[in-house]
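Chemist: For the protein sequence lines, the chains are S and P, in the order given.
The numbering of the first sequence is numbering that gives the first Met the number 0, which starts it at 0 and goes up by one.
The numbering of the second sequence is numbering that gives the first Met the number 0, which starts it at 0 and goes up by one.
None of these hints come from the bench; they were simulated from the model.
Hints may contain errors.
[Unchecked claim] Restricting the straight-line Cα-Cα distance to at most 16 Å, the calculated cross-link-like pairs of lysine to aspartate or glutamate (EDC-like) are:
no.	chain 1	residue 1	chain 2	residue 2
1	S	Lys145	P	Glu237
2	S	Lys254	S	Asp234
3	S	Lys145	S	Asp29
4	S	Lys43	S	Asp54
5	S	Lys254	P	Asp249
6	P	Lys92	P	Asp62
7	P	Lys312	P	Glu348
8	P	Lys317	P	Glu242
9	S	Lys254	P	Asp375
[To be verified] Here are a few chain S residues that face chain P, going by a calculated C-beta distance under 10 Å:
no.	residue
10	Gln109
11	Gly142
12	Gly163
13	Ala231
14	Asn233
15	Gly255
16	Phe258
17	Ala261
18	Ala292
19	Ala296
Backbone N, C-alpha and C define an ideal beta-carbon position, used for all residues, glycine too.
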Amino acid sequence: MSVLINADTTFIVQGITGREAVNLTRECLDYGSKIVGGVTPGRKGREVHGVPVFDTVQQIVEHNGGRVPDGSVVTVPPAFTKDAVLEAIDAGIGLIVIVTERIPRGDVAQMVEAADARGARIIGPNCLGLVAPGIAKMGGIGGPAKNTEQAYQPGSVGVMSRSGGMTTEISSTLTVAGLGVSTAISIGGDAIIGSTYAELMPLFEADEQTEAIVIYTEPGGRMEAQLAEWVADNDSRLPIVAFMAGRFMDDEEMKGMSFGHAGTIVEGAEDTATEKIARLEAAGIPVVERIDAIPDAVREKLGARA
Amino acid sequence: MRFYEYEAREIVKRAGIPVTDFGFATSADEARAIAERIGGPTVIKSQVLTGGRMKAGGVQFADTPDEAARHAEAILALEIGGHMPRGVLVDPKAEVKQEYYAGVVWDGTRKRPLILFSDMGGIDIEQVAEDHPDHVGRGHFSNLLPFSDFQAKQVIAAAGVTGSALTRLTPIVARLARLFQQRDMTLAEINPLAQLEDGSFVALDAHMEMENEGMPRQQALLADLGIGADEGTREGYEPSRFEVAVKDIDAADHRGVIQGKDTGFHGNLGLVIGAGGGSLTLTDAVRSHGGRPANYSEIGGNPSVAKACGLAKQVLQKDGVEKIAVMMSIVSNTRVDIVARGVIKACLELGKDPAETIAIFRIPGAWEEEGFKILDRYGVEYCDRSVSMHEAAGRAVAKIQGAAA
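Please model the entire structure based on the sequences and the hints provided.
Modeler: Rendered as structure tokens:
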């Protein structure tokens, strides 16, 4: 099994005629994903790699005999993202992956609230999507199908990462080590995102294929504290290993600066790398210093449980 | 995007929150004129984007317009925390009965705005929250439904405030919450929010920060405040020559993104690295091996050869840079061969030998075979994904330390 997507998952691409969207459509189709339509207002009647383009999400639903697609990948400019996401939510789509970056937090908060009200889930913004190795992928994660295949082999470890690129680096390391990946989710690098580590944990918990979790994390925000609390409150069967990047940002000279992703802005004492590492370790989550140390840390954790 | 106090007060005033009859001056004469208009004792406050003004002598009290002018002259020449003031704010000296705190911030975990209110204003709210938690009210509110005054009232009441103060503070805090939403703020704070001896309530100081991503749709407000595009996002520090140069190269070409920072970096190993998370990981890795990065950088989104070359050249031209390490996490969009071409071109154009100058090239992924062929031709040491990011950083550090020894 896998988390959030499977072999039958159907999805659409909003903003499908954009340069990046055309590429990710090709990559997803090659990987075996089922893309049932795309939206770009005013471009109805065109095709992108054989995928029909419509003006509205509603038209796709009608075209598919009233069947609502399971998901949508949204890749439209930041000023139009909120509208596109609200359109997807309104159509009844349950999983929305927002690729777009530089969306104001106020808009993200509105999209998340609207999704919550309708029981929809948002992944991102500022993410590369998710992949269930060997089954399907949603978004540009891993790049072209053959590259995705090389880095992501099916296995037992669930991956959640605030960095899209590092999702692939970590998964590749797990693949080479023979552990493999159950589902990898690029959760997004912004200060407010649709689904945090703690919010996704119950899904991995319910997934039989997943035996351990690896997270990639950075300074900024309280997402790690939330995960530590979740671990303390839930008797999870899944051991977690964390990697923390951006330790150098704790230096006095780097105060107030943001690196890498918008979400790395440190707004309080609890947001620093040092504080987060202490918090995660107190919750029994080892924080490794190098990516290549992850497989051994996972094996050690799994061994301790066995 | 940070605002000066005089701008923040103007934003607050436009939201319908009462403020004092303050003025902004960039010369002693202007300050005198404002003090004359006010016609009583005044406070002269340095307008800098940094804290600790009071301690540094950037806030002075004056009884007469002449005294106000003298203080203004001194404060205008006073550097605070490395910043020269933009001007001075001349404020009527207020007779304060009680100081309150009102602020709105984002709560990223709850994904909603959060109001904080206290009847112990004028001091650091985090300290108050720690020492006197019963004097701090908090409340999240929806960013989708219209804000209603009762939400402000609840938070004020939770801090233990009642009577006429509660009813008079409610619309002020409600306006602050709406202003936070409508103006794409990440921080909207009035501290102190004061009740004066005459019973009126005014914002005596305000601190506003607008999200950079919100700036495009707040152009009208920014223009009204006289803030031009040339001011950028007003980082807390002056961008370096290197940072400006990299930004210009990035802006000249829409393909891909490059970023560079060297504020706070003083080393000899130039970093041409990417992408977002990869750059953070690699900077840590270099330091953990005892290496000293000369800069931070990010390559992403498949830049052109010219862009990759431009970044590498800027790094190589920094004082004290002996070698560069070209490293990224596995790429799927950015092409390895294009970055390889770019960094080799940079070496050649500066009359440097790529094999000597590039300590290591570790970018696995899309078009790597083509990239490695080019690197082979110039004798540059490279590695694929079988060499970890940590190990690659270690090789670069070993090389530069070997060269220095």
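Chemist: Please go over all the hints and tell whether each is borne out by the structure.
Modeler: Okay, the hints, checked on the actual structure:
no., hint, in the structure
1, S:Lys145 x P:Glu237, "violated, 45 Å"
2, S:Lys254 x S:Asp234, "violated, 37 Å"
3, S:Lys145 x S:Asp29, "holds, 9 Å"
4, S:Lys43 x S:Asp54, "holds, 5 Å"
5, S:Lys254 x P:Asp249, "violated, 25 Å"
6, P:Lys92 x P:Asp62, "holds, 9 Å"
7, P:Lys312 x P:Glu348, "holds, 8 Å"
8, P:Lys317 x P:Glu242, "holds, 11 Å"
9, S:Lys254 x P:Asp375, "violated, 41 Å"
10, Gln109, "holds, 5 Å"
11, Gly142, "holds, 2 Å"
12, Gly163, "holds, 8 Å"
13, Ala231, "violated, 15 Å"
14, Asn233, "violated, 16 Å"
15, Gly255, "holds, 5 Å"
16, Phe258, "holds, 6 Å"
17, Ala261, "holds, 7 Å"
18, Ala292, "holds, 8 Å"
19, Ala296, "violated, 14 Å"
Comparing the model with each numbered hint stated earlier shows that hints 1, 2, 5, 9, 13, 14, 19 do not hold.
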